[in-house]
Amino acid sequence: LELSTHAAANFIRNELARAIRSRGGPHQANSLLGGVDEDGASLYHLDYLGSLEKVDFGAQGYCSYFSLALMDRHWKKNMTLEEGKELINLCIEQLKTRFIINNPRYRLIAVGKDGKI
Amino acid sequence: LKNYRFHNCFEAMARRYDSSTTTFSPEGRLHQVEYAIEAINNAGTCVGILAGNDGIVLAAERKTLSKLLAPPKNSEKTYKLDQNTSCVVAGLTADANILIKQARLSAQRYLYQYQEPMPVEQLVQRVCNYKQAYTQYGGLRPFGVAFLFAGWDIHHGFQLYQSDPSGNYGGWKATVIGANNQTGKSLLKTEYDENMTIDAALELAIKVLHKTMDSTTLTADKMELTTITRIKDKVMYEVLKAEKVVPILKNIENQKSSESDI
Chain W
644 LELSTHAAAN
654 FIRNELARAI
664 RSRGGPHQAN
674 SLLGGVDEDG
684 ASLYHLDYLG
694 SLEKVDFGAQ
704 GYCSYFSLAL
714 MDRHWKKNMT
724 LEEGKELINL
734 CIEQLKTRFI
744 INNPRYRLIA
754 VGKDGKI
Chain B
101 LKNYRFHNCF
111 EAMARRYDSS
121 TTTFSPEGRL
131 HQVEYAIEAI
141 NNAGTCVGIL
151 AGNDGIVLAA
161 ERKTLSKLLA
171 PPKNSEKTYK
181 LDQNTSCVVA
191 GLTADANILI
201 KQARLSAQRY
211 LYQYQEPMPV
221 EQLVQRVCNY
231 KQAYTQYGGL
241 RPFGVAFLFA
251 GWDIHHGFQL
261 YQSDPSGNYG
271 GWKATVIGAN
281 NQTGKSLLKT
291 EYDENMTIDA
301 ALELAIKVLH
311 KTMDSTTLTA
321 DKMELTTITR
331 IKDKVMYEVL
341 KAEKVVPILK
351 NIENQKSSES
361 DI
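Chains as they are written, first to last, in the working numbering: chain W, 644 to 760; chain B, 101 to 362.
This is chain B alone, in the form it adopts within the complex (with noise of 0.2 Å):
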């Protein structure tokens, strides 16, 4: 990685500082790693809710950009990263992979070294830190990424943490990220409670993604919805049929219909 060195003229235009992610701007910023951040506010929108003891429900949109795009055999925004942590994806598809793939690599060994699963944050941790570095050293752009990490271990139990191309991170309860993020998250503070069941929590995720999405009818094909549970000490990672999103789907259909009646 050659370090680059600009010779900067004094003349303070905020521009100027804008090119190289290695500098910060007057003002204390780091605008390249900002504009990564607007980068995931297109992308399609992620929720995430932890449900109790229950588990966890990982919601995406699936922007179909294309009518001509064939159909995604398997999940384009949810990856099983370990047995017991997984993640779901916001922002340009392709920086993912790369980082999906050092995650899984990164678990791998940890599994082969100590011979138990890696704990959840301490997988977060080693990917943030990948991306910080990118915000620090070399002159390469940052990661157009954001994660919602799922997951399960001895330690914390049930965790859920977002991450953004900073490499910072954070635990939450509930949140949402991509297009729209903010409407999402106000919906969950006024509907999220600690105690729900998985079955509640996917219907939320469901509302939400409705809430932050541009199409009116939601459609089974348009989002990826995923369970994170424990079933006999075993970490369950399930991307959900669409046989099985569709009954939840009639369901909110029917409270709505129930509701306008007075």
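Chain W extracted, bound-state conformation (with noise of 0.2 Å):
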């Protein structure tokens, strides 16, 4: 049996969870996942505390102060995989003029119904 991305994603976040009052102390990383199960596909943000939210949109990291208004402007319901990276295009493009830190370099990982694509 496969795991549903919801399933995965609040399994994360109970690991997440149950780290902040441990000895370790919390595990240092926010993410994004992504996943296509039976209902379609899913995003969930979670951060290093053990938040989860599920999104249509997301962003971690500086990056975040610069893409996530794109985003909340140019998202719409239904996109395509190319209106999608085309977004994120857009997004990199406002990183590479806006932000100090010089970053050239991405990796774009797209995941469909099989896994990665």
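Derived by calculation from the structure, the hints in this document are not laboratory data.
Only a predicted model underlies this, so the values are computations on that prediction, with no experimental measurement involved.
Worth double-checking, as some hints may not be accurate.
What the hints assert, rightly or not - A partial selection of chain B residues facing chain W, derived with a Cβ cut-off under 10 Å:
| # | residue |
| --- | --- |
| 1 | TYR214 |
| 2 | GLU216 |
| 3 | HIS255 |
Heads up, the beta-carbon is just placed ideally off N, CA and C, and yes, glycines get one too.
Join these two chains into a complex; the hints should help.
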């Protein structure tokens, strides 16, 4: 049986939440979890303290200060994969222009119903 | 859990291998497990029938050992394990209570961790693995209980599973456990139909109980009937009250009397 995206996200959230009061402390990782299952595609935004939120679009790190506004403006329901890639490129262009740290190389990972595309 | 080491004298009598669950007999059998399975054949009969996509029917014989016993307020054989899964028990009730508590805990722990209901087969596996441990480690006797698990999940729909003291389990379309289960199963073989409705399955379950039970007359208080169905995306578990059982019994009576009119 495959784990649904919702179940996987909640499992990880549970582990993150367990860790915050543990000896080693919280797992120092924020993440974005995306998957495709029987209910369609879903994206989850997790933070290192165990917050979990299902989102239409998300960003972690300094990138978020620049990208979220753009995605808010341009995201729409039932976007195609190509439209999604365009939006991501838009965000990357803005980062290259405005963000102080020079980060020219990005890796794009697309997830479909059979896993990594 | 301590491990007891028996110093076996090598006169190979099967009896010598009876007392410890953790030893094979020379014929390659675990006698304690077999004896546990025997214990269930004296217990009240339980029937489980998968009624197509309609749902599942669980029926159990209520054995009244004494008239002085106070009638049970809830079910004494059928138990709800979580929102989607229930079970009916045959065997030692005290043993069953431990396993039911474990099953309920497992289901809730899964729900807490994954925020979705535990798939039925996984819950069955969890209980069975727990039972199996008592056939391999510790020197404690096995649980003298057999279960019929019935439930619904999004992966495989309605499912019916049977498990026994060895920790073995299997999926069934219809089955019987407890006293006279062979008679029950043979009746199911001839009368069961995969596309039965819940009502037809209820009648069939009662007919099976009639065959397996000692008494000739069937009354609502001698049995426990449960239906598991899905209404508007929610799994409904209902132990039928006497008022609902009596009309079904009447129906069966009428059918029987009209059959005998040639």
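Evaluation of the provided hints:
1. Annotation: interface hint on TYR214/B holds; nearest CB of chain W at approximately 4 Å, less than 10 Å.
2. The interface hint given for GLU216/B holds, since its Cβ lies 5 Å from the closest Cβ of chain W, which is under the 10 Å cut-off.
3. Hint status for HIS255/B: holds, given a least beta-carbon distance of 6 Å to chain W, under 10 Å.
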